[in-house]
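There are 2 protein chains.
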Amino acid sequence: MSDVYAARRSRLLERCLGNGSEAALVTGAANVRYLAGHAPADAALLVGPVHDVLLCASDPFDTASAGRPAGDLRVFVLPGTEGDPAVAGAERAAAAGAGSLAVEEHHLTVRRHRAVGAVAPGLRLDDLGPAVEQQRLVKDEEEISCLRIAAEIADQALGELLESILVGRTERHLALELERRLVDHGASGPAFPTSVGTGPDSGLAGHVPSDRRVEEGDFLSVCLGADYRGYHSEIARTFVIGTSPADWQIELYEQVFAAQRAGREALLPGTPYRDVDRAARRVLEAAGHGDRLGPRIGHGVGLENGEDPRLAPTAMGKLDACVPVTVDPGVHLPGRGGVRIDDTLVVRPEADGGPELLTITTKELLAL
Amino acid sequence: MSDVYAARRSRLLERCLGNGSEAALVTGAANVRYLAGHAPADAALLVGPVHDVLLCASDPFDTASAGRPAGDLRVFVLPGTEGDPAVAGAERAAAAGAGSLAVEEHHLTVRRHRAVGAVAPGLRLDDLGPAVEQQRLVKDEEEISCLRIAAEIADQALGELLESILVGRTERHLALELERRLVDHGASGPAFPTSVGTGPDSGLAGHVPSDRRVEEGDFLSVCLGADYRGYHSEIARTFVIGTSPADWQIELYEQVFAAQRAGREALLPGTPYRDVDRAARRVLEAAGHGDRLGPRIGHGVGLENGEDPRLAPTAMGKLDACVPVTVDPGVHLPGRGGVRIDDTLVVRPEADGGPELLTITTKELLAL
Chain L
1 MSDVYAARRS
11 RLLERCLGNG
21 SEAALVTGAA
31 NVRYLAGHAP
41 ADAALLVGPV
51 HDVLLCASDP
61 FDTASAGRPA
71 GDLRVFVLPG
81 TEGDPAVAGA
91 ERAAAAGAGS
101 LAVEEHHLTV
111 RRHRAVGAVA
121 PGLRLDDLGP
131 AVEQQRLVKD
141 EEEISCLRIA
151 AEIADQALGE
161 LLESILVGRT
171 ERHLALELER
181 RLVDHGASGP
191 AFPTSVGTGP
201 DSGLAGHVPS
211 DRRVEEGDFL
221 SVCLGADYRG
231 YHSEIARTFV
241 IGTSPADWQI
251 ELYEQVFAAQ
261 RAGREALLPG
271 TPYRDVDRAA
281 RRVLEAAGHG
291 DRLGPRIGHG
301 VGLENGEDPR
311 LAPTAMGKLD
321 ACVPVTVDPG
331 VHLPGRGGVR
341 IDDTLVVRPE
351 ADGGPELLTI
361 TTKELLAL
Chain R
1 MSDVYAARRS
11 RLLERCLGNG
21 SEAALVTGAA
31 NVRYLAGHAP
41 ADAALLVGPV
51 HDVLLCASDP
61 FDTASAGRPA
71 GDLRVFVLPG
81 TEGDPAVAGA
91 ERAAAAGAGS
101 LAVEEHHLTV
111 RRHRAVGAVA
121 PGLRLDDLGP
131 AVEQQRLVKD
141 EEEISCLRIA
151 AEIADQALGE
161 LLESILVGRT
171 ERHLALELER
181 RLVDHGASGP
191 AFPTSVGTGP
201 DSGLAGHVPS
211 DRRVEEGDFL
221 SVCLGADYRG
231 YHSEIARTFV
241 IGTSPADWQI
251 ELYEQVFAAQ
261 RAGREALLPG
271 TPYRDVDRAA
281 RRVLEAAGHG
291 DRLGPRIGHG
301 VGLENGEDPR
311 LAPTAMGKLD
321 ACVPVTVDPG
331 VHLPGRGGVR
341 IDDTLVVRPE
351 ADGGPELLTI
361 TTKELLAL
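Each protein sequence line maps, in turn, to chains L and R.
Read in order, the letters of the first sequence are residues 1 to 368 in UniProt numbering.
Read in order, the letters of the second sequence are residues 1 to 368 in UniProt numbering.
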């Protein structure tokens, strides 16, 4: 495994050298994890000019369970109490003879950037930009298999919840139970705060679970994901509570389902991001819900939830094979509730069977 | 309540005007919450020059349960999909006639700062610095009562755990159960990821719970906190599993307990931060643990866990009354385990009875 990380760092350094920077200082947490295999809090990773060094504010490997980074990655734990690993990284880069250092201007605050610049006045600071994020876009099969397990865990947690009695329980308790089940099935934790919405709050993206209790006749929408070895799955489903759904519920569900299917079917290598959004969005626009849609119909997943690409009307770029994304349209009718359906899939060429669905919980409208 | 927020914003604007800036753009999430009463994801708050405006990427009040901000705070939801609320805030400030705008350089990334500067070229950007963080340091009684409830919730969750059987359960499950109990007792969630360490990993600050199971003879250390209305309590306790602690366990416990008590007793208005650290640290140094101590012996709590002040050897400043802090020394002996004891307290003058202990779970060494 350590070779994987070393290879990723070499690729980054090559890119830096091509752009005229002699070393890179990586501070985005997911980027550090991608390149080092570990992401201690507030760590900085210096890639080049000679040795790669992971700089940490305190020793992240000082526990019985944590493994140390392997291969040629050195670990440097800052002495004292006040140091900034990014500043220490710049100091090292200068000491190792680098004349220029590419930093992540979209992660470093203005204040830290100034401190990094001040510590080594002879060192020119360039902007690394989202170079690591771009490298993370296409996943290798090892990463995809982590995502596959993360999706399976979320499916299991959701499946078990559906077998229990739901009426009378609060959104908060359902969310907590789901999170406990994620861990039961091997997740290191939820990928993001589990959202459970009932009745008038069903179908809202990112709804924070409240003390509202599930009632007969409610829509119940659930959005959760598992973190497995740092990789984040995402799934949302909407159910009806009670014997039989109302007509408006069936109609709305079918509209969102049709939109979600259209989005999924558009997931092929070479498809522009915006066309995936369009495919799903136009179904809901035709149903009169155009002004109720969120800014995007899906997004990439990996070491972060909601990473690139954005499947949105103005997004630039085209899908590649082996890019995992969500397709997650939803419609919320104020005062009544709504529907959200969300899967994690991997873009695959048609010759390989097309998009690979990772979250396999049924999308039939279940009455629970 | 809305008057409280308006008064806080007026105070900030006064300070800005005194420093030559005509308006402030606040982007730190806890700072936005402190001044607006709400902190939607990625929101920015423009204070002055005419009206205060909360700028949001999507409508955060589009749910049945969320209240809208009251009083003179306006809410502006960005149209479209690509906007940055901070950029929109700078645009508004310029449109309202401001010639200068103080921004939080310690929260804004270099990239966002550039975008904010580019949108209104006639607008001079100043550094607001940690002005809002400083304003947040001394709490009002309403804030302290939220912290008191948050501490009570953590005490209750911990108390219930101690009544259950612990041997054979994993760190991860204990942590999850604690988090569920926090919510049961009214927390909106854990204040930070609950840490449970057993055996060789006991006593480690911020230990991520693993699948290790509790065994007879282990130290078990637990660190948790509740989030109640945004306010964060923190408590850590260490227990011994089984009939009777070993001699080294009793000795280590007594050392950490004595240090923690010394730290607590130093919490009086006017005491330099570093003297609180010193009071606790010297007890453990005398016991030969000097090189095993963390960088600080405690920290402020409020809308963030680990906010100012830092009770550390090089910290500058003195305690004020009504500043809530933790006192949380710990010692970890590699391969054997360790002890951590942590309370949340409020600094009070001696005339009012001295430091107010919010987390009241016993600090006797319990054998469970």
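Calculated directly from the structure, the hints in this document are not laboratory data.
From the three backbone atoms N, C-alpha and C, an ideal C-beta is built for every residue, glycine too.
One should not assume that every hint holds.
Unchecked claim - A partial selection of chain R residues facing chain L, derived with a Cβ cut-off under 8 Å:
no., residue
1, 108
2, 110
3, 180
Said to hold, decoys possible - With beta-carbon atoms standing in for the labels, derived distance ranges:
no., chain 1, residue 1, chain 2, residue 2, range
4, L, 58, R, 248, 41 to 51 Å
5, L, 364, R, 336, 46 to 56 Å
6, L, 159, R, 336, 41 to 51 Å
7, R, 192, L, 364, 57 to 67 Å
8, L, 20, R, 29, 52 to 62 Å
9, L, 118, R, 3, 35 to 45 Å
10, R, 97, L, 360, 50 to 60 Å
11, L, 271, R, 165, 49 to 59 Å
12, L, 97, R, 362, 54 to 64 Å
13, L, 314, R, 165, 30 to 40 Å
14, L, 364, R, 129, 28 to 38 Å
15, R, 58, L, 360, 56 to 66 Å
16, R, 134, L, 164, 41 to 51 Å
Next on the checklist: Given the hint of 41 to 51 Å, is the C-beta distance from residue 134(R) to residue 164(L) inside that range or not?
Outcome noted: The hint (41 to 51 Å, Cβ to Cβ) holds, given that residue 134(R) and residue 164(L) are roughly 49 Å apart.
Next on the checklist: Tell me if the beta carbons of residue 97(R) and residue 360(L) are separated by a distance inside 50 to 60 Å.
Outcome noted: Cβ of residue 97(R) to Cβ of residue 360(L): about 57 Å, so the range 50 to 60 Å holds.
Next on the checklist: Tell me if the beta carbons of residue 58(L) and residue 248(R) are separated by a distance inside 41 to 51 Å.
Outcome noted: At 24 Å between Cβs, range violated.
Next on the checklist: 28 to 38 Å was suggested as the range; check whether the CB atoms of residue 364(L) and residue 129(R) agree with it.
Outcome noted: violated, 56 Å
Item to check | Restraint check, 8 Å cut-off on beta carbons, for residue 110(R) near chain L | outcome: holds, 4 Å
Checklist entry - Should the hint that residue 314(L) and residue 165(R) are 30 to 40 Å apart at their CB atoms be regarded as holding? => result At roughly 56 Å between Cβ atoms, residue 165(R) and residue 314(L) fall outside 30 to 40 Å, so the hint is violated.
Next on the checklist: If I claimed the Cβ atoms of residue 364(L) and residue 336(R) lie 46 to 56 Å apart, would that claim hold in this structure?
Outcome noted: Because 55 Å falls inside the window, the suggested range holds.
Checklist entry - Regarding residue 58(R) and residue 360(L), is the given constraint of 56 to 66 Å on their beta-carbon distance met? => result violated, 30 Å
Checklist entry - Regarding the hint that residue 108(R) lies at the interface with chain L, is the smallest CB-CB distance below 8 Å? => result This hint holds: residue 108(R) lies near chain L, its Cβ roughly 6 Å from the closest one there, short of 8 Å.
Checklist entry - Measuring from the C-beta of residue 180(R) to each C-beta in chain L, is the shortest one below 8 Å? => result holds, 5 Å
Checklist entry - That 49 to 59 Å hint for residue 271(L) and residue 165(R) (C-beta), does it hold up? => result Holds: the Cβ-Cβ distance is about 55 Å, inside 49 to 59 Å.
Item to check | Outcome for the supplied range 35 to 45 Å, where the beta carbon pair is residue 118(L) and residue 3(R) | outcome: holds, 42 Å
In summary, the structure is inconsistent with hints 4, 7, 8, 13, 14, 15 from the numbered list given earlier, while agreeing with the others.
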